[in-house]
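The task is simple: from the sequences and hints, build the whole structure.
Same order as they appear, the protein sequences are chains A and B.
Counting in the numbering used here, the first sequence runs from 2 upward without gaps.
Counting in the numbering used here, the second sequence runs from 2 upward without gaps.
Since the hints were derived computationally from the structure, they do not count as laboratory data.
Fair warning: there could be bad hints in the mix.
[Said to hold, decoys possible] So the derived list for chain B, only partly shown, Cβ under 8 Å to chain A, looks like this: (1) L90; (2) H94; (3) P174; (4) L177; (5) D212; (6) R216; (7) Y217; (8) F219; (9) I234; (10) M241; (11) I245; (12) E290; (13) L292; (14) R293; (15) N296.
Glycine residues also receive a C-beta, built at the ideal position from the N, C-alpha and C atoms.
Number of protein chains: 2
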Amino acid sequence: MTTAAIIGGGVIGGGWAARFLLNGWDVRVFDPDPHAQRKISEVLANARLALPQLYDVAMPEEGRLSFHPTIAEAVSGADWIQESVPERLDIKHDTYREILTHAPADALVGSSTSGFKPSQLQQSVEKSGAVMVAHPFNPVYLLPLVELVTTDANSKETVQRAEEILRGIGMAPLHLLNEIDAHIADRFLEAVWREALWLVRDDIATTEEIDDAIRYGFGLRWAQMGLFETYRIAGGEAGMKHFIAQFGPCLHWPWTRLTDVPDLNDELVEKIAAQSDEQSGARSIRELERLRDDNLIGIIRALKDRDSAAGALINEHERQISAPLAAPDSEISAPLRLWEATVLPSWIDYNGHMTEYRYLQVFGDTTDALLCLIGADRDYVKAGHSYYTVESHLMHLDEAKLGERLTTTTQILSSDQKRIHLFHTILCGDRAVATAEQMLLHVNSSEGRACPALPEVSAAIEAIAQEHSTMPRPETAGRHTGQRRFA
Amino acid sequence: MTTAAIIGGGVIGGGWAARFLLNGWDVRVFDPDPHAQRKISEVLANARLALPQLYDVAMPEEGRLSFHPTIAEAVSGADWIQESVPERLDIKHDTYREILTHAPADALVGSSTSGFKPSQLQQSVEKSGAVMVAHPFNPVYLLPLVELVTTDANSKETVQRAEEILRGIGMAPLHLLNEIDAHIADRFLEAVWREALWLVRDDIATTEEIDDAIRYGFGLRWAQMGLFETYRIAGGEAGMKHFIAQFGPCLHWPWTRLTDVPDLNDELVEKIAAQSDEQSGARSIRELERLRDDNLIGIIRALKDRDSAAGALINEHERQISAPLAAPDSEISAPLRLWEATVLPSWIDYNGHMTEYRYLQVFGDTTDALLCLIGADRDYVKAGHSYYTVESHLMHLDEAKLGERLTTTTQILSSDQKRIHLFHTILCGDRAVATAEQMLLHVNSSEGRACPALPEVSAAIEAIAQEHSTMPRPETAGRHTGQRRFA
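Below, the structure is given as structure tokens:
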């Protein structure tokens, strides 16, 4: 068990707390704000709903969260201390002094600062080798990027340990050796922000039009490749060098007004606030957060399916945190619990209910999870064998509604070398909403004909079937469509 | 049938050609480049693989593509002419003169220019009211954004017609009334680009580190919300105004070097090219294109499931292009033929087969068509009654493959005032690939309990059941899962 101290709550500190907790760390918080506990609980509630949805393996058991009245108490026993106090150098220096006086000798201190360079943070601090920039992005519990900026005062071992800790909680540390104000990402954000302020001020575009210009165009590109790889593609066969060189002249065109700084006076502030209310005011901040998180989950999961960009990071983290598969006989629960899903907006039909075929989608995903469990996974399929579903009997017992969490149970009714006869149930809480009785046939896919499963797969399913053989048979198994329910 | 002329091929012109073609337009291309035909074919091949994967309805039948030796011939009969010639004003003016001399009087001309303002394009052009900026984003066949910039020379009707045409091919026209160099999005791209050049030049970060800083952080945010909505969330309950106001001082911090223009000399060009080779050189441009497209499909589909951002645009476009249900045959056929569908790329699983639940989707659509036919349509549902599927028995007899055309047949096995017992078959040609035996229950949806159907609906289903009563009962009706096929 490892311990993090969070000095300064709020959205960023709360996000850090959530990421550590959900990755199994104990978290000790110091924040003098009387609302700190409520604020962190809110961030944590969002994070608990969101982060596990990125993973197909169980995350570690959640750590213990505690609140402390002093920095001295909060940092006691901490391995990592994350500072997210206001952006004033004098406050930060005082905070580090207090931290370093009371923290364990080998504790590391990361600062969430957006703008200060690590050398500024380290000024007039003893043991400054423990202090570095670890700048995250909101929502901290979902976005993997953390800019890790160090100086010569930080030893190689310190940097390496910091990277390991950050990777361990699923983040992607981007280590910068040459410090610069605002690091990297915020310099881009600042450049875009300045330009956006001009466009709004000069009535070229509203806040909503600017957001659309981003999210319907280059925002989609940047979620998966960045700037240079995108341009590399645009350059095509002629190559990156040719492509870059032709940009030279454009740099002198009057395409940005960034040589000036817009005056952010009351009038411009009012204008932006009013346009933003018009654009997004129909939704509360809580609703927007949920929408954002849900979108980010979908995007990252799509990238995960493709083992690309942020999705590849999750796959890598899964390999780190997933316990190696135990021998099947120590794993088998009766019934199996293999799959969870949340009812998404697109699953709802014009009746306002979850569409019929989405139930079969959840059953199909559960079957896929079963096949993975017994070793009939994608590699097995690639090698030429597969199970096909030849028959399904679905019963709809109750309704699932938007946003509800579904879990499934699976009972193996019987199996032999070629067939698996199973019974899935979709549960919403402990309410069964649908069942599926299915027959799967093992096939040689190139020949398209039934054949016995390979021995280790056969053995794995037989072991489960054996374990399930004493379970009572589901009432509706063997039922045909239209059969009287209590015949 | 509508016709587009593409003046200037390449990646952008080819992307336009693909978008029009795949949305059912005929496309006539003029490009003096001897490689134009090959280049456009390559873009089109990518687009054919990619764009249909965003849709769950069949796209229109692809239009006809032809190549023409002169602008005069290419624009003949064209409704929309898209100019993507090099960024030189004199070339553009000559091109418009040639286009407007030969095009139909009411044809519209969109320019793909990244930098020129529409007033510049319209200079010294007669009939300049037809010319406007329609600036797309690469890959044009996947990204919906098109900046539509007009001047007072463009009539309201012209702008409206342009917007309709662009929406008709699934794009999101962002109409700007106040022109500005480089429109909106490219001003942001330019700002980030300049900053990125500095960072590489000064060895703060490599091209790969910059790409990671984007795609692991704010790039993920920007794929779904833009700048302002993201900051609105960051501002939290305190409100947008409070949040913006606190940014004032930062604008004067030295966070960007954009007051200077970096000198893009040979040394910097070489450096960027070398870093980019190091980062992405292991993959060919073709491979990178496929990766990008596949990622974009995943991201947009994730947003589509959530009916958000670019995904909401696809849902809206689907509603536009899905054919209204065929008028019900006055004569009852035995069996009924109610539905047709094409196996879409997104319906194919990692086995290379049509995913299980997509069969139930086709059966569900067939059931919906039956319910429309008997008058239990959406209005009936709105008024408080509905049929729910309570039970389905699916049998998979054969496989359906990508692009195959599926038709369904429906036999009513029995019905009474509350229930419909039916048997659907999915056919591929005359080969049955799957069957579904279903039981539907008529309910009062507000009370959530079974009740008799309204008289006209009852009468309609009874009439069909009567007509079908002499049909032989399907062999597998009444079968339970796992029952021996020829018992």
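- Query: Measuring from the C-beta of R216 of chain B to each C-beta in chain A, is the shortest one below 8 Å?
  - Reply: Given a least distance of 5 Å, the restraint on R216 of chain B holds.
- Please verify that hint: F219 of chain B, Cβ, nearest Cβ of chain A, below 8 Å or not. Hint on F219 of chain B: holds, closest Cβ of chain A at ~6 Å, below 8 Å.
- With a cut-off of 8 Å on the beta carbons, see whether L292 of chain B makes it to chain A. L292 of chain B check passes; min Cβ-Cβ to chain A is 6 Å, inside 8 Å.
- Item | Status of the hint placing P174 of chain B at chain A (closest C-beta pair under 8 Å) | 10 Å, violated
- Holds or violated: is the Cβ of N296 of chain B closer than 8 Å to a Cβ in chain A? With a closest approach of 4 Å, the N296 of chain B hint holds.
- Query: Does D212 of chain B pass the interface hint, meaning its C-beta sits closer than 8 Å to a C-beta of chain A?
  - Reply: Cβ of D212 of chain B sits 3 Å from chain A, so the hint holds.
- Can we keep the L177 of chain B interface hint, with Cβ of chain A closer than 8 Å? With Cβ-Cβ at 7 Å, under 8 Å, it holds.
- Query: If you take the shortest Cβ to Cβ gap from L90 of chain B to chain A, is it below 8 Å?
  - Reply: 13 Å, violated
- Message: For the restraint on R293 of chain B, tell me whether the closest CB of chain A is nearer than 8 Å.
- Response: 6 Å, holds
- With 8 Å as the cut and Cβ atoms as the points, is H94 of chain B at the interface with chain A? 19 Å, violated
- Query: Does the interface hint hold: is Y217 of chain B within less than 8 Å of chain A, judged Cβ to Cβ?
  - Reply: 4 Å, holds
- Once the shortest beta carbon distance from I245 of chain B to chain A is found, is it less than 8 Å? 5 Å, holds
Consistency with the previously given hints fails for numbers 1, 2, 3, ordered from lowest to highest.
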